[in-house]
Amino acid sequence: MSEEILINVTPQETRVAVVENGMVQELLIERSQSRGLVGNIYKGKVKRVLPGMQAAFVDIGLERSAFLHASEIVDHQQSDSDDGSDDINRLLHEGQEIIVQVIKDELGSKGARLTTHTTVPSRYLVLMPENSHVGVSQRIEDEQERNRLRDILNEKEQSEEGYIIRTAAEGAGENELRRDVTFLKKLWDRIQTRIKTARCPALIYEDLSIELRIVRDMVASKVEKIRIDSESMYEKTKQFVSEFVPELEPRLEVYQGGRPLFDVYNVEDEIQKALHRQVPLKSGGSLIIDQTEAMTTIDVNTGAFVGHRNLEETIFRTNLEAASALARQLRLRNLGGIIIIDFIDMKEEEHKRQVLRTLEKALEHDHAKTHITEVSTLGLVEMTRKRTRESLERVLCEICPTCYGRGSIKTAQTVCYEIFREITRAARAYEAQKLLVLASQDVVDCLLDEEASSVAELESFIKIPIRFQVETLYAQEQFDVVLM
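In terms of the UniProt record's numbering, the sequence shown is residues 1 to 484.
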């Protein structure tokens with residue numbers, strides 16, 4: 001499978017597209033005014049301790065206080081009490097200064113999620129200053145290779161720090177690992193010095209910018225090209241690559257074509273499609289994706305696809321195609337948390353197993369951790385996908401000011417009847433010579449046309465004349481009743 005990484009740079013934002021076999025699979029966007037916080041280390045101050053939640057809110061200098069659970073505190077031990085209710089009070093107190101690291105960005109109305117288990121990554125390793133354990137990424141499946149890598153670090157590193165050997169370290173030599181160890185130790189010394197001198201709250205360590213993180217974390221041997229459409233960013237990335245990932249230097253390329261880089265690879269179109277609720281399938285079926293605060297639901301529809309033999313075959317083929325398509329959509333839209341998939345009901349158990357296997361196989365390329373359940377008695381598949389940053393929709397869009405995120409608005413007729421009730425209330429509560437109703441064009445048209453007889457009856461009932469005026473800036477649900 002061929003893979004390319006495209007990096008589009010403007011002063012306002014940097015966008016990264018991961019393209020596999022000519023199709024966009026993943027999109028990452030970082031804006032200069034709102035860079036992600038994951039990986040950043042802060043010197044914070046405990047603002048509030050919540051014993052009932054076994055958590056605390058910590059001021060790290062952001063608009064919203066960040067959230068720290070007791071399980072994320074290094075010195076956390078099970079309390080002597082049966083319910084552990086006094087754990088957090090023993091570990092933290094209000095006003096206490098504490099070193100924390102962001103493990104999850106601010107999402108929606110929720111503040112950033114914190115841990116005191118600080119880690120600092122490099123190309124092949126992750127330094128764990130508070131731990132002496134040496135672990136190996138689960139994605140390195142060869143046991144012999146796992147042991148070889150672990151032995152290199154165990155043999156050479158007789159220190160208090162621990163390390164996680166990353167997936168990228170598979171096949172790496174001893175010198176490469178030793179170089180990373182030296183780099184991480186120097187970096188941690190600088191962080192320690194900053195911790196001692198910084199005034200609270202303060203940013204102690206900031207993770208790399210998005211284009212350098214991609215090169216460090218996501219690039220593997222299968223990546224053929226890394227194309228960047230900015231000369232300055234290309235030079236910056238080239239310097240980083242030559243120092244930390246020299247084998248990638250021949251694959252780095254500055255794009256100087258006439259057309260925009262994302263247009264050439266059809267990325268702009270894919271971004272627009274990824275904001276639509278409906279995803280068409282080649283067979284004629286479709287996916288309907290609804291993202292809410294609590295979970296994401298995906299409904300599979302057959303559409304025009306009728307199959308060649310029977311209904312069961314139609315359903316099975318549609319579900320197979322949907323399984324592959326939705327795995328791509330999860331990556332493309334960066335949907336996380338709880339995900340409920342409503343496949344079309346299948347009668348044969350073997351068909352259910354094949355659809356699940358197809359979904360699992362399609363998710364193997366996903367960098368985010370996923371967990372899938374069996375098909376439930378209701379025909380649903382429940383899964384989780386680790387979420388550390390906002391979805392594409394939340395990054396690029398905001399709540400609709402007309403429907404307030406509901407996805408629908410009241411009909412003009414419904415608003416008319418609300419106006420009638422408001423007029424009745426106003427006429428009973430206040431004395432007025434006449435009433436003026438301000439509303440949108442469609443609502444006023446409805447009042448003067450379909451509901452004209454109702455308006456006449458209401459005027460006769462309240463014995464006050466009613467006048468209507470169109471307000472072009474009013475949304476359909478907005479109206480005012482003015483006493484004159």
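Read the hints as simulated data drawn from the structure, not as lab findings.
Quick caveat: nothing in here was measured; it's all calculated off a predicted structure.
Heads up, a few of these hints could be off.
What the hints assert, rightly or not - Distance condition first, Cα-Cα at most 30 Å in a straight line; then the derived DSSO-like pairs of lysine-lysine:
| hint | residue 1 | residue 2 |
| --- | --- | --- |
| 1 | K47 | K410 |
| 2 | K225 | K236 |
| 3 | K273 | K185 |
| 4 | K104 | K238 |
| 5 | K196 | K104 |
| 6 | K361 | K225 |
| 7 | K196 | K185 |
| 8 | K273 | K110 |
To see whether the hints hold, each was checked on the structure:
1. At most 30 Å may separate the alpha-carbon atoms for a hinted pair to count; K47 and K410 exceed this at roughly 43 Å.
2. As the CA atoms of K225 and K236 are separated by approximately 17 Å, the hinted pair is consistent with the 30 Å bound.
3. Among the hinted pairs, K273 with K185 is inconsistent with the structure: their alpha-carbon atoms are about 45 Å apart, more than 30 Å.
4. Proposed proximity of K104 and K238 is supported: the alpha carbons are some 29 Å apart, at most 30 Å.
5. A C-alpha spacing of about 25 Å is found between K196 and K104, which places the hinted pair at or below 30 Å, so the restraint holds.
6. For the proposed pair K361 and K225, the alpha carbon gap of about 25 Å is at most 30 Å, so the pair holds.
7. Between K196 and K185 the alpha-carbon distance is near 17 Å, which keeps this suggested pair within the 30 Å criterion.
8. Pair hint K273 plus K110 holds up; C-alpha atoms about 27 Å apart against a cutoff of 30 Å.
Hint violations for this structure: numbers 1, 3, all remaining hints satisfied.
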